Amino acid sequence: MSGQDDPVQREIHQDWANREYIEVITSSIKKIADFLNSFDMSCRSRLATLNEKLTALERRIEYIEARHYVYVFLYPKVTKGETLT
1 MSGQDDPVQR EIHQDWANRE YIEVITSSIK KIADFLNSFD MSCRSRLATL NEKLTALERR
61 IEYIEARHYV YVFLYPKVTK GETLT
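According to UniProt numbering, the stretch in the sequence shown is residues 1 to 85, in order.
Hints are not guaranteed to be accurate.
[To be verified] So the derived label-pair ranges between C-beta atoms look like this:
no.: 1; residue 1: Ser42; residue 2: Ile64; range: 32 to 38 Å
no.: 2; residue 1: Arg46; residue 2: Tyr71; range: 36 to 42 Å
no.: 3; residue 1: Arg60; residue 2: Ser38; range: 31 to 37 Å
no.: 4; residue 1: Leu54; residue 2: Lys30; range: 34 to 40 Å
no.: 5; residue 1: Thr55; residue 2: Glu23; range: 44 to 50 Å
no.: 6; residue 1: Ile61; residue 2: Ser38; range: 31 to 37 Å
no.: 7; residue 1: Leu74; residue 2: Ser42; range: 45 to 51 Å
no.: 8; residue 1: Glu11; residue 2: Asn51; range: 55 to 61 Å
no.: 9; residue 1: Tyr21; residue 2: Arg60; range: 44 to 50 Å
no.: 10; residue 1: Ser38; residue 2: Trp16; range: 29 to 35 Å
To be clear, the hints were calculated from the coordinates, so they are not data collected in a lab. The structure displayed is predicted, hence computed values, not measured ones. All C-beta atoms, glycine included, are put in the ideal place defined by N, C-alpha and C.
Please take these sequences and the hints and turn them into a complete structure.
Below, the structure written as C-alpha cells:
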C-alpha cells in the first residue's frame, strides 16, 4: 500500500505547492494593481492642482497684458513719465 500512497502523496504535495504558488502570484498582482490605482489617484490629484495653478497664472497674465495694452495704447503719455488725471 505504501507504494500506492507515494504517488498520491506526491500529487497532493504538488497540488498544494501549485496552489501556494498561485496564491503568491495572485497576491502580487493585487499589490501591483493597488499600487497602480494609488499612483493614478496621486497623479490625477497633482495634475488637478497644477491645472488650477496654471489657470490662475493664465488669468493673471491676461490681466497684466490688458493693463499693459491700456497704458501703452490708450494712454501713451503715461509711458513717458506723465501721470493720469
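Quick rundown of the hints versus the structure:
1. Ser42 - Ile64: 32 to 38 Å: For Ile64 against Ser42, whose Cβ atoms are near 33 Å apart, the range 32 to 38 Å holds.
2. Arg46 - Tyr71: 36 to 42 Å: holds (37 Å)
3. Arg60 - Ser38: 31 to 37 Å: Given range 31 to 37 Å: holds, Cβ gap about 33 Å.
4. Leu54 - Lys30: 34 to 40 Å: holds (36 Å)
5. Thr55 - Glu23: 44 to 50 Å: holds (48 Å)
6. Ile61 - Ser38: 31 to 37 Å: Taking Cβ atoms as reference, Ile61 and Ser38 lie about 35 Å apart, which means the hint holds.
7. Leu74 - Ser42: 45 to 51 Å: holds (47 Å)
8. Glu11 - Asn51: 55 to 61 Å: Roughly 59 Å apart at Cβ, these two residues keep to the hinted range, so it holds.
9. Tyr21 - Arg60: 44 to 50 Å: Cβ of Tyr21 to Cβ of Arg60: about 58 Å, so the range 44 to 50 Å is violated.
10. Ser38 - Trp16: 29 to 35 Å: Taking Cβ atoms as reference, Ser38 and Trp16 lie about 33 Å apart, which means the hint holds.
Hint violations for this structure: number 9 only, all remaining hints satisfied.
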